[in-house]
Amino acid sequence: MGIRAWFLACIRRAAAFFERDEQAAALREEMRLHVELRARRLHRQGLGADEAVYAARRQFGNAAWYQGESSEVWGWAMWERFIQDLRHGARALAKSPGFSAIAVATLALGLGINTAVFSIVNAVMLRALPYQQPERLVSLWEENSRPDDTPTFNTKGSPVGTAGTSQRTTVSVANLADYRNSGAFEGLAAFAVTPMNLTAMETPARVTGESVEWNFFSVLGISPQRGRTFLAEEDSPDADPRVIVTHDFWQRRLGGDAGVLERSIVLDAKPYRIVGVLPAGFQSPAQLGSKDPIEFYVPSAFSKDLLASRGDHEVNVLARLRPGVGVKKAQAALSTVSSNLAAQYRANRDTRAVIAPLRDDLVQNVRESLLALLGASGLIVLITCVNVANLLVVRAVGRRHETSVRMALGAGRLRMMWQLVTESILIAAAGCVAGIALGRMLMAVLVAMAPAGTPRISSVTMDWQVFGLSAAIATLTGLIFGMAPAWQASQVKPVEALKSAGRGSGAKSQVRWRSALTVAEVALSLVLLVGAGLLLRSFTTLMGVDLGFQPDHVIAMNVNLPALRYPTPLARLQFFQQLDERVRALPGVQADAYANRMPLRGGWGSGIALDGNPDLRATPDFQAVSPGYFETLGIPLLRGRSLTAQDGNGQMPVAVVNQEFAREMLHGGDPIGHFMQRAPTAPRITIVGVVNDIRRAGKTDKINPEVYLCAAQTTLYPVSLADLAVRTAGDPRQLVNAISRQVWQIDKDQPVTNVRTMDEIIDLSVSQRRFQTLLLAVFASVAVGLAIVGIYSVLAFSVSQRTSELGIRIALGAAPRSIFGLVLRQAGTLIAAGMAIGLAGALALTRVLQDLLFQVKTTDWQAYAGAIALLSAVALAAAFIPARRGARVNPIVALRDE
Amino acid sequence: MRGQRDEIPPGTLDMLILKTLSRLGEMHGFEIADSIQQASVDVLQVEEGSLYPCLQRMLIKGWLKGEWGKTGENRRARYYSLTVDGRKQLAREMERYERVSQAIARVLQPV
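Top to bottom, those sequences are chains X and E.
Here the first sequence is numbered in the working numbering, starting from 1 and rising by one per residue.
Here the second sequence is numbered in the working numbering, starting from 1001 and rising by one per residue.
For the record, the hints were derived by calculation from the structure and aren't laboratory data.
Some hints here could point you the wrong way.
So the derived list for chain E, only partly shown, Cβ under 10 Å to chain X, looks like this [unchecked claim]:
(1) Y1052
(2) L1055
(3) R1087
Each residue gets a CB set at the ideal place from its N, CA and C atoms; glycine is no exception.
Could you build the full structure based on these sequences and the hints that come with them?
If you want it as structure tokens, here you go:
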């Protein structure tokens, strides 16, 4: 056949397909006419009328068969059968809406949860960072190890860059040159988030930017869309101010002005020339973990003082490894540099530089939590598969009677299998559609709920590959498990199956299969429940932690005074003293305080020596606080005196310390009267009081030694006063406007930012743990729900299959109670077996939760007991209904059916 | 009593239908079956229904075209007739049949 003919044949075939009903009718009509004409002919030849019709039919053959043959010719058969099967399948599923709904919902849950979680894990942890050769980028920080400290500590729980609160500190600018010369790096650049006041636009705004070393962009491998990056000579305190803006800044704040490179913007009252515009979508590593966009970049321009001070840890550092140099090799080189510095400089004695791949470092706070979620969602998928398999097995077995009837009527075995496959496909398709919808919803919810600071959470998109993969797995499982009983059923001799009239509960092997699936389900659910229980215990323990201060009725806010308007510490102090007086006069204010930072908002740490003794050294947390600080935060004074308004610059330098300071430095001795120095030649600061310990960085933080300096003694501290806290009688939020007005009456251009109640701040600090706990709890509930469905469906089915057996037992005198017990015992055996396996699994698997738990062991018996009790209760409840149904079997009805 | 009846050799039904139509023009199914039987003096026996799948196949292949019309008794019937492709196909099949039957005949003839 030529191509043209073949093509035409295809068209005819297609045309025939669309009119297949008409075609079939026409064919039927032709055949009827044929038989009629033949009969008439035979009649005329002398046969009786009836006999003639009969003979004509015989001569024609099986009309239905020929009709079918003709349809085959048209090529409809495959389609026809498929559509027939689809229709039949849809009808069959519609007839058991309970089964269909549960199967579809199960699939949707499994697929939705898995896809949502994996999409997030992928976006946050796995996807390559959006820089050139991101695998060579590392993050560099310094670690401060006190010799008497045990080396195990947790860097999580406190934000990176808050010196003193954890062992990890930001990097000392003076050390940068040494690290650069270690030979491990192709480039190394410091950066620090720098919010500034943007003015001379329509409305003044506080905008977050970053001060970066001039080579920052070349280390990342990013070139600007317009203009250029910074020149080396621009990165100096003497150079004219320059700024690079983001694409978004250019579009939104400058209206996409084509002449952007000729323009300047005013930041903190200083004009900055724009030299470059970054490509759209560029995000600095610091931005990946933050919701505030970083909108501009200015040169670091480190001062000579900063470059000379080894003890000031001020910047974050990222570096690009030399090609062929691995992280280990680079770390070794860096460690050599660190020990040389430690030998050379006093401030470096306990400091060590550490690197880690940038991506790992960015996700270090969320890594464990995401992995746990991923594991949990994996378990959910397993449970889903088990459940779907279970449902399909039950269903296929329940349809053995129908199967054998159809086979007795001549249906082919393959056709029977195909019918079951079609049904599975229908369920899978519906489950996928529902799963996509659920997955999208869940993803949006997860993204919205995710704790602030989850890196790249904004770039989460639905992961279709994962969806496809999990859909394929779930569908295949369903198919395989659905086919196995179908295959067995199709091998049953129809006569025998019909004789038993579908009352048998299937072969022994099938019963075993179903039991095994149920056991697996119970086991998997228990693992999830134990995990959730552990996190829950950990979370309640955490919530019970005493912070050491009273956070209720306290509101804190940030008043960042720009250096240009308030160039000296004294100017800043005067501003806050004025503000303090005004705020204290407001009605409803019980106390107020200012400080460099309030608790849980970062801080500063510094090395000291006690009593001029170089061996009595420590690195306590420092803060500069106003006299009202302890009263405002509710930190009780235990000994000596508090800081007072009389402590000023001319007076004796004084400090208040906490109990931990006394414990660590003086073995619990009374610190009052002792003095400390930040450097051998620095002023002696005398300790005048002891206050209660607080956990400055939040509930998960350990208790650190604290030193409180007097804010009025401005010569003692290098940090800026910037935080205000107010204790109120009523709801502190109602005073926010009144307080802001006081700020603006002193300086109308001064923004007030970061206004939060202390309770909110604490709440935020545990948000990540709450997120984990909540999610795992939800996952565990889903698992338990699925397990209930599984147990119920198996038992209900088994009871309905045993109706006649139970009827006979009752007829022979078994009490309903003993039947009830019989069914419950069956359930109990499955549940107990599942529990035993699940317990072993939980002991093995929950070990991965170790790092997520706060003061709770992974073998915490309460979590285990709770999980076991809960699961037993709901599993037995699921068994209750079928058991009761079994007990209520009417023997007469049951036996009559026989 | 009729004489001995034989099954139609496989693959030849197409040819018989094409030949019948080429001789007698437009016909409906019964007429085709009837004339094949009459022409073969009832020797060639076929279940009459088997004609229809054949006709469908040849319609698809474009050898026949079918048009609905009325019989002498005013009954609706599909009248089949040969297309140009059908004539070519008939020629090909006849040629092949000649070749094969001559070959068979040569084998069977005593030399």
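Checked hints:
Residue-level restraint check for Y1052 (chain E) holds (minimum Cβ-Cβ distance to chain X is 5 Å; threshold 10 Å). Annotation: L1055 (chain E) was flagged as interfacial toward chain X, and the flag holds, the nearest CB pair being 8 Å apart, inside 10 Å. Against a cut-off of 10 Å between C-beta atoms, the interface hint on R1087 (chain E) is violated, since the closest Cβ of chain X lies about 14 Å away.
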